[in-house]
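Asker: Here is what each chain is made of, one letter per residue.
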Amino acid sequence: MAATVRASIATGAGPTLASAEGGAKYNREDSLAGTSSPIPRPTATGTAFSYRKTFCLEVTGTDTTSISNRKIHFAAGITTGLAMWYIDLGDTYTQAAAAADTDSGSNGATPSGYTAMPTSATLFDSGSDVTSGAGRSGDYVGVALGVSNNYAGGAGSAISLPTLTLTYDES
Amino acid sequence: LNERYIGRAHTWVAFTADGALHTEHDHGSLRAIPQESPVVRVGVVATDAPDDSTRHYSVLVPEGGTPICFWRISLTEYQERSAITVIGWERDNERTLLWVYDDGSCLLTDRDIEEYT
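So the protein sequences, as listed, match chains A and B.
Going by the working numbering, the first residue of the first sequence is number 1, and it counts up by one from there.
Going by the working numbering, the first residue of the second sequence is number 172, and it counts up by one from there.
Don't read these hints as lab results, they were simulated from the structure.
Cβ coordinates follow ideal geometry from the N, Cα and C atoms, glycine included.
It is possible that part of the hints are untrue.
To be verified - Covered stretches of chain B, as calculated for chain A (at least 3 residues, CB under 8 Å):
{"no.": "1", "region": "198-207"}
{"no.": "2", "region": "238-248"}
What the hints assert, rightly or not - Computed far set for chain B versus chain A, every beta-carbon distance over 12 Å:
{"no.": "3", "residue": "187"}
{"no.": "4", "residue": "190"}
{"no.": "5", "residue": "192"}
{"no.": "6", "residue": "227"}
{"no.": "7", "residue": "228"}
{"no.": "8", "residue": "262"}
{"no.": "9", "residue": "266"}
{"no.": "10", "residue": "267"}
{"no.": "11", "residue": "269"}
{"no.": "12", "residue": "276"}
As the list claims (entries may be wrong) - Simulated coverage check for chain A against chain B, where a stretch passes if three residues somewhere in it have a Cβ under 8 Å from a Cβ of chain B:
{"no.": "13", "region": "10-23"}
{"no.": "14", "region": "155-166"}
The following block holds chain A by itself, in its conformation from the complex (with noise of 0.2 Å):
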């Protein structure tokens, strides 16, 4: 029988798990969704990125299966002028407290540490965890957003990106 297994996001010191199949907004807070501190579009060639999402599997009901080759991918690809990227943190949590990085310059800059998000399920924690304890599976993984100048589709609190999705093998 296969655990049950949920996208989470990890917020505040603690952290604090909780779900995050409602949808992220990208936004420079520590939270799921706000819409208090947007992301800046350039007013002249250049990226600002968003505050990284701490995203992982979280079991929350346990079975005597284990989990492994946890993998992440975009749907499809994104808009012209937006990007967003993904880093593996490992087991080490650190609550969200700047953009992913500094301003850059040019347009379509990657933040420092991070990998383009791919469109086909990529892996980044291949390691093996039992699920007979509820709780995070695995490794923490960051997800940034980053708006360059040449980005054309407007301001808005709900501009569409396309699916992140989460793949796991359960054995």
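Model the placement of chain B on the given structure of chain A, informed by the hints.
Answerer: Okay, now just chain B, sitting in the frame of chain A:
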């Protein structure tokens, strides 16, 4: 059926050389099957249509082979879930996997499915 099957299209079964049938419901994991008699066949059956023989699949495990059964589960940020049930075997550098999708379609490979996408 166990409530945990809700939302999943398939469940696995295994036959050991002594003729015994082992189910996911009984064991949870292939690792939990007693090892006195080796697994010689693994299969998947539909959870919502157990009498529909068109949605039953199995793979013979060759002598010396290790049976494989896992789920590849995807979660999205919009509460969409899908599970591919994977059965097969591996022996030395050989590996055969049967990927059974929620809709009952399947794909037989000798590598990981992502090498084909």
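Asker: It remains to establish, for every hint, whether it holds in the given structure.
Answerer: Structure-based check of each hint:
1. 198-207: The restraint on the region 198-207 of chain B holds, since 5 of its residues have a Cβ under 8 Å from chain A and three suffice.
2. 238-248: holds (count 10)
3. 187: Given that every Cβ of chain A is farther than 12 Å from that of residue 187 of chain B, nearest at about 18 Å, it holds.
4. 190: holds (24 Å)
5. 192: Holds: least Cβ distance 17 Å, greater than 12 Å.
6. 227: holds (19 Å)
7. 228: holds (17 Å)
8. 262: holds (17 Å)
9. 266: holds (14 Å)
10. 267: holds (16 Å)
11. 269: holds (15 Å)
12. 276: holds (18 Å)
13. 10-23: Result for this restraint: holds, n = 4.
14. 155-166: Satisfied; 4 residues make the cut.
This entry satisfies every hint, going by the numbered hints stated previously.
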